[in-house]
Each structure stands twice: as C-alpha cells, then as structure tokens.
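Protein chains: 2
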Amino acid sequence: MALIVQKYGGTSMGSIDRIKNVAKRVKRWHDHGHQVVVVVSAMSGETNRLIDLAQQISKQPDPREYDQMVSTGEQVSISLLAMAIKELGVGARSFTGRQIAIHTDSTHNKARIEKIDVQRVQQQLDAGNVVVVAGFQGVNSEDDITTLGRGGSDTTGVAMAAALGADECQIYTDVDGVYTTDPRVTAKARKLSKITFEEMLEMASLGSKVLQIRSVEFAGKYQVPLRVLSSFDEGKDGSFDDDFKNNVGTLITIDEGDDMEQPVISGIAFNRDEAKIVVRGVPDHPGIASAILTPISNANIEIDMILQNLSTNGTTDFSFTVNRTEFDRALDILNNEVKDDINAKEIHSDSNVVKVSLVGVGMRSHAGVASTMFQVLAENNINIQMISTSEIKISVLIKEQYLEKAVKSLHTAFGLDREDGESQVAGL
Amino acid sequence: MALIVQKYGGTSMGSIDRIKNVAKRVKRWHDHGHQVVVVVSAMSGETNRLIDLAQQISKQPDPREYDQMVSTGEQVSISLLAMAIKELGVGARSFTGRQIAIHTDSTHNKARIEKIDVQRVQQQLDAGNVVVVAGFQGVNSEDDITTLGRGGSDTTGVAMAAALGADECQIYTDVDGVYTTDPRVTAKARKLSKITFEEMLEMASLGSKVLQIRSVEFAGKYQVPLRVLSSFDEGKDGSFDDDFKNNVGTLITIDEGDDMEQPVISGIAFNRDEAKIVVRGVPDHPGIASAILTPISNANIEIDMILQNLSTNGTTDFSFTVNRTEFDRALDILNNEVKDDINAKEIHSDSNVVKVSLVGVGMRSHAGVASTMFQVLAENNINIQMISTSEIKISVLIKEQYLEKAVKSLHTAFGLDREDGESQVAGL
Chain B
1253 MALIVQKYGG TSMGSIDRIK NVAKRVKRWH DHGHQVVVVV SAMSGETNRL IDLAQQISKQ
1313 PDPREYDQMV STGEQVSISL LAMAIKELGV GARSFTGRQI AIHTDSTHNK ARIEKIDVQR
1373 VQQQLDAGNV VVVAGFQGVN SEDDITTLGR GGSDTTGVAM AAALGADECQ IYTDVDGVYT
1433 TDPRVTAKAR KLSKITFEEM LEMASLGSKV LQIRSVEFAG KYQVPLRVLS SFDEGKDGSF
1493 DDDFKNNVGT LITIDEGDDM EQPVISGIAF NRDEAKIVVR GVPDHPGIAS AILTPISNAN
1553 IEIDMILQNL STNGTTDFSF TVNRTEFDRA LDILNNEVKD DINAKEIHSD SNVVKVSLVG
1613 VGMRSHAGVA STMFQVLAEN NINIQMISTS EIKISVLIKE QYLEKAVKSL HTAFGLDRED
1673 GESQVAGL
Chain V
1253 MALIVQKYGG TSMGSIDRIK NVAKRVKRWH DHGHQVVVVV SAMSGETNRL IDLAQQISKQ
1313 PDPREYDQMV STGEQVSISL LAMAIKELGV GARSFTGRQI AIHTDSTHNK ARIEKIDVQR
1373 VQQQLDAGNV VVVAGFQGVN SEDDITTLGR GGSDTTGVAM AAALGADECQ IYTDVDGVYT
1433 TDPRVTAKAR KLSKITFEEM LEMASLGSKV LQIRSVEFAG KYQVPLRVLS SFDEGKDGSF
1493 DDDFKNNVGT LITIDEGDDM EQPVISGIAF NRDEAKIVVR GVPDHPGIAS AILTPISNAN
1553 IEIDMILQNL STNGTTDFSF TVNRTEFDRA LDILNNEVKD DINAKEIHSD SNVVKVSLVG
1613 VGMRSHAGVA STMFQVLAEN NINIQMISTS EIKISVLIKE QYLEKAVKSL HTAFGLDRED
1673 GESQVAGL
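Quick mapping for you: the protein sequence lines, in order, are chains B and V. Quick note: the first sequence uses the numbering used here, first residue 1253, plus one each step. Quick note: the second sequence uses the numbering used here, first residue 1253, plus one each step.
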C-alpha cells in the first residue's frame, strides 16, 4: 500500500465528463488499497472567466480581493470531484487551502507555502477516505486567502506530498511524460522514463512547460519522487504492476549516480522568447556592465545571457538577451537613460534569435559535450552568437530560422533519437 | 452617524454594471459619514449554474460538498464589490461567512446561525472601511462551510445587524417596498411606509415574497429595524434627509402602539398554492383528526387550514388544505393508507382554491373585522369554504376564480386604496 498524491490540471478537470473520469481513476487506485490525495486546479476557462470579471471592474484589482475571488475556481472543482468520487461509492472529502491548512506568506497572487498541517488529511486517509485538495491556494496569518500564482497547483501537489511523506507525487497532464525535446520539432523525440530534478529544472526553465519550475525545486528540496503522466491515457495505470514505476510517464527523481547507462545528454530544450541587445563601442573600463544592466534590472526586466567582447582600442561591445515581451521596454531604457551616460556608439538589437540548450547530468563527466555541440552546428552552417554554460547545461543563441535544423541534428548527434523514428505523443 | 447594514440580492448584483452601481450607492452612504456593512448574494444565475454542475454529477449531491461549492457564488460577488468600492477610492474589505466568523449548526444546506463574531468587522469599520460580507453562508464547528438555504442572505443581513447593534438593516430588492396587496391584482395597491414584524411575518408566510420569513423572525426577535427598498431607484437615498426614515421604502419595526392613525388592516395577502381535501362521512369519535393527519405529516407534507364539521348521525366531514405541489401525494396517502382504516365514505378534493387573508395588528382591538370581511364577500357572491384566524389575521378559502374580485373589494372596503388609483410600482 502506498500513499499517492495525484494532481490534475484544468484540462483534466475541464468538463463534468472529465471530472467523472478523474473520479474513476482515483477509485481504481483506492480499490488497489492505496491512500490517495488528489490536488486539483479550477476547471479550464474558469480562472480566466473570473479574471475577466475582475478586470471589468479594475485594471489593477486589489490583490487580496483578487485572491479571495479567483480561489473559488478550485473550490468548485474540489467539491465536484468529491461528489463524483462519492457517487462511485468511495468516501471522499474536499478541503480548501485554508481548511487543510496550507499556510503561506502574505504575498497575494504569488504567495509562498510556509507550512502545511496534515492532521486533518491524515485522519481522513486513516478513515479510508480519498482527500481532495484545492491547488493553487493557501491562507496567510490573517486568515486571508492567498494564491500561489499560475501553475501553483503543481506546487500544492508537491508540497502536500512532502508534508505527508507520500511515496510519489503524480502530475497528470495532457502530455504523457517529459521528452528529449519538443516532439513538434522532431518526430524522433523520445519519452524519458526518468530524469533528475536538476535536469528537469533546466528543461523547465528553458521552456518545456510540462511542470511549473517551483514545483520541481520543491520536489528536489524535499526529495519527493515526481511523476508526469497523461490524464487522457486510459488503462496504463490500471495494471499496478510491481514495476509500475518503470513503465508509465516520466519519473523525476534524485540522481542516483549508479546508473551505468545514464546518457551524457538527457534532452534538448529551446526558448523562442529571446531577444538580443548589443551595446556597441562602449569605453572598456570597470563598472561598465553595471552601468548598462542596473537600469534594466531596476525596471524588473530579467536578463538572461550576457557577453562582453574582448576590448579593441579601449572600447568593447556588450551583448545581453531579454524576454521578447520586455524587448521594447529594455531598448527604451538603454536609448533614453543609458546610451549617452556611458558614451556608447550605437545600440543594435535582434529579436529573431532563439536559445538552444543541451541538458544532462552526464555532461559533468564528459568534457567533450561542448566541442561536439559546436562541431555539429558548424557542420550545419549555423552561426553561434552567444554561449552560456552551467554544470549540466550548455546553451547557444542562434538565428531563429535555424532552430529546427539545430535541434534535429543535435538530437541525432547525441543519440537521443527514438529507434522507429515515429512520434509517440498522442495528438501530435 | 449611523451604522447601516445593507443587503443586496442576486438581481442587484446581476452584472458588473449593477455591481458598480451598488458600489456607488455604498460610497454615498459612506461619504455621508455612516459606517456601512454590505451583505450580498451571488450574482443572479450563478447559484443555478453551480447547482446544475452538481446535478450533472449526482441527483443527491453530498450536502457538505454542495455547500462547499455553492458558497463560492457569494465569495465571488463580495470580492468584486470590494474591488468596485476600492476603485471609487473608499476602503473596503470582503469577508466570507467563515472569515467573519458566522458560526452555524451543521445542518448543511439549511444551517441556522448560532453566533457571530463581530470583532474583525468592527475593527474594519473603526478604521473607516466598508465591510462586504458574503450572505447565505457560515461555518460549523468542524470548520466546514455551511449554507443557510435559499434566500438566506436576508437572514445574514439581519443577523449581522443584530450582532453589530446596527441602526437599520436595509434590504435592497427589485421592489420599492411592501404593498397593501399585490399591485398586479389591483392598481389601487398602496406602498406601506411602515409595517410591524408580526404583520410582515403574516404577509410573508401568505406569499408576499419580498423577504424571507426567517429574516423577519430574526429581526423581530432582536428588534432590528428592517427596511425594504429598491436597488434600482436612483437618487431617493441621495438626500439623506433627517426624515429619511419616513420617506423611503417600507420600514418593518416593532409595534409602537402609540400610533393613533394605525389602520385596522395593513394589507391583504393571498396564496394561490392551496389545495383542499375533504374526507367525507367519517365516524365522529376522538382520535379521528389524528388518524387522518398523522400519516400526512409523517410524509413531511405541511397542513395549513383544518376544518371539522359538526357531527350529524355520528359521522362528520373533515377538511384540510395542503400546498398544491404536495396535493397528489397527500391524496395517495389518504386513499391507500387511511381511507379504509378509518371507514371513511369518500375523499373529495379541489385544487382550484385560494386563500385570501386580511393582516393587521389593528384588528386586535376591532372585533368587527371578521364580520365586515364576510359581509363584503357575501355582497360579491363569493362563497367562503373555510376560515382560519390568528390574533392579527383572518383567512378565508375561496374559489380561485374569485381571487381578484375578493382582493379588490376588500382592499376598498378596508380603506387601503391609494387616492389617485394608479399603481406606483415601477415596471408593473
């Protein structure tokens, strides 16, 4: 018997029929003797409906009232799911974030979980009931409702699993696992049966939107085994084989280090949201990087890659990338507040760039990854504009038009292609 | 400066524009230096939308989960109204029934209020803020959300007013007050500026659906002055005259007894939902009434008027009325379970009957009310089938076809007609 936390997102809860399907799945786990805690999001569309109502009243709705309102989306879906589970003859009880209680700080709209009381949940589990928990929400010390921000239900799932010491936290979603890269870019993308927390963090932060980054951090910190699997995939979870853990979805777990067959590279992530800014001909003296970047970060614009050229004749070029949505704002700041101050020659910019990254804990022990990557790109005549590295990741900035070519050739070169060459992702 | 509790129903909160109008009205009261607590219902249609979702899952949804779900309707509307009030520059804070806290018993779907903590509300009022409270809901001792049943927001309003010692509880609705009778039956119906709790209770229980009966009982018990007024009537409340209390809507209050001009009759109520059942030729011995009525009330069918004829030849006829929706069920019980047991000759029934009632605390001191009533009906050739009386009410059962004639002639005979003869109710 295991204690399992399952999390279902808005799409899985998107209609009464889908809610009934979730209830059936929960019942199957319960019938096999497992204790089940289910964390759910609002029915898809509901959160947007509520936000739209608020925005008809105020462009900047009061954050406390906003949380009070938007948290009702999950409150409705937990009740409906508990009803549906009961309708199948299984005991079930729903709890809001406050009823649990999931204590958070007071940062409305993006609160952080501080503590979870599991007593009431544990009592219900011990009594043989399924517990249904509202994702995305909590309560602060003033008894006001808080929300964790978009995608916060994943975090609730992982936090509940950590607090309960669950055997596994299962994130049901509309994909059946984590892939070596986006199967829409190459049909040879392969589903990973396992990935480490660190790798998943890099993949997620680079735009693989399967899981919210904070939930992966949380799972890593508390070593909660996390599994991504499809809520539309009937039957696979019906077998409950002893080797379930090796068969279904993708398990995100700690790096056990003893896996001889661990690949050098686990996946290739990419990010289309990059935009590059080059400040040309700036005097090369200490403090110049700070003079350029401080006004940008003061405006809450996040900077990603940074490159400073070698100096020639006492001047240098300074390049960095920002998110495309903040590109115009960053350019304005440079042109109006920075350029003259630092005596720069010109500001050059390019929003037709993408970042492609190799991710894998295996690269720690393989020095040749970078050189292989650069060689593959060179063979394909793809020019590298910027490079950044971490212990388990190498990223390059290239022209957007080469994205597909780069991903496909790297995917093959690093042995990630699936053998039959066919995409196994449903619906793609 | 007064402490005012205002209650707005689902229609008054039916759209974003209407919510903004409520916010403006609240601001006007606040600007005049009053402390304002606003109790609101869910936006019209929202509760039904939620109930429909639940019923797609279960014909008998779990009552706890049902309350957890349906209470979100008010939670959304309090947040939206608080946002709208803040948008006008007035401090506002919303509270769910649980946040107040409004403690109730555990009878889900029709809980009763046991205790209200006003500390948090009082703090907000003292800080100059408007307090927006979710109607219809509370919390039980297990921290589960309860609801008070349909129309429960009126009760919340009155209970908040009682707990806070408010100067007045204003119920904003889609009519502008309580009328001497339904203006759709006679255009001469007149708006009452004042009515006693007892009279209002009789009027309400007889089908004047302006206020929920429980809220009137509650207001009477705690002597909370209650005012019914229109939420669509702009301006009238803008003057804030000293004599506001005599000008707007209908004030429901205690019988001060010193009002020389108090009319004998305050209003004429009627109920179209009656159905009559006559058990003919039953042996007239003790226990016969109980033998007939106990099976009916055991089936949770409410009995209204009861009449037992004088005995002739040792047998008698026994008549009573029930609500039309329960008419068939009552007949079934009598025919299948009672008739043979008590040796009755036949069961006769008639669902084309209505009850017309005169209501007025003044009739206590006027013995002639009944005889005047019977005389007026006789002059109009309206046969009286049954009679029942209370201290402040006389009801007669008549054929449905005579309803309008009876109400009009009694309305005139008891001096209730408005002088210009024109209906003053907007939209009728």
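None of these hints come from the bench; they were simulated from the model. All values derive from a computational prediction rather than experimental measurement. Any given hint could be a false lead.
[Stated by the list, open to error] Restricting the straight-line Cα-Cα distance to at most 20 Å, the calculated cross-link-like pairs of lysine to aspartate or glutamate (EDC-like) are:
1. Lys1272(V) to Asp1304(B)
2. Lys1311(V) to Glu1339(B)
3. Lys1272(B) to Asp1304(V)
4. Lys1660(B) to Glu1631(B)
5. Lys1311(B) to Glu1589(V)
6. Lys1651(B) to Glu1578(B)
[Stated by the list, open to error] To give a feel for the contact side, a few chain B residues facing chain V, derived at Cβ under 8 Å:
7. Ile1303
8. Pro1313
9. Pro1315
10. Ser1346
11. Gly1566
12. Thr1568
Backbone N, C-alpha and C define an ideal beta-carbon position, used for all residues, glycine too.
The hints, checked one at a time:
1. Straight-line distance between C-alpha atoms of lysine 1272(V) and aspartate 1304(B) comes to about 15 Å, which keeps the hinted pair within the 20 Å bound.
2. For the proposed pair lysine 1311(V) and glutamate 1339(B), the alpha carbon gap of about 9 Å is at most 20 Å, so the pair holds.
3. Proposed proximity of lysine 1272(B) and aspartate 1304(V) is supported: the alpha carbons are some 15 Å apart, at most 20 Å.
4. A C-alpha spacing of about 13 Å is found between lysine 1660(B) and glutamate 1631(B), which places the hinted pair at or below 20 Å, so the restraint holds.
5. Between lysine 1311(B) and glutamate 1589(V), the direct Cα distance comes to roughly 66 Å. Violation of the 20 Å bound is thereby established for this hinted pair.
6. Distance restraint check for lysine 1651(B) and glutamate 1578(B): the Cα-Cα separation of roughly 19 Å lies within the 20 Å cut-off, and the hinted pair is therefore satisfied.
7. For isoleucine 1303(B), the shortest C-beta to C-beta distance to chain V is roughly 12 Å, which exceeds 8 Å, and the interface hint is violated.
8. For proline 1313(B), the shortest C-beta to C-beta distance to chain V is roughly 5 Å, which falls under 8 Å, so the interface hint holds.
9. Because the beta carbon of proline 1315(B) sits about 10 Å from the nearest beta carbon in chain V, more than 8 Å, this interface hint is broken.
10. At a threshold of 8 Å, the smallest CB-CB gap from serine 1346(B) to chain V is about 6 Å, leaving the interface hint in force.
11. Here the hint on glycine 1566(B) is broken, as its CB sits about 56 Å from the closest CB of chain V, past 8 Å.
12. Because the closest C-beta pair between threonine 1568(B) and chain V is about 50 Å apart, greater than 8 Å, the hint is violated.
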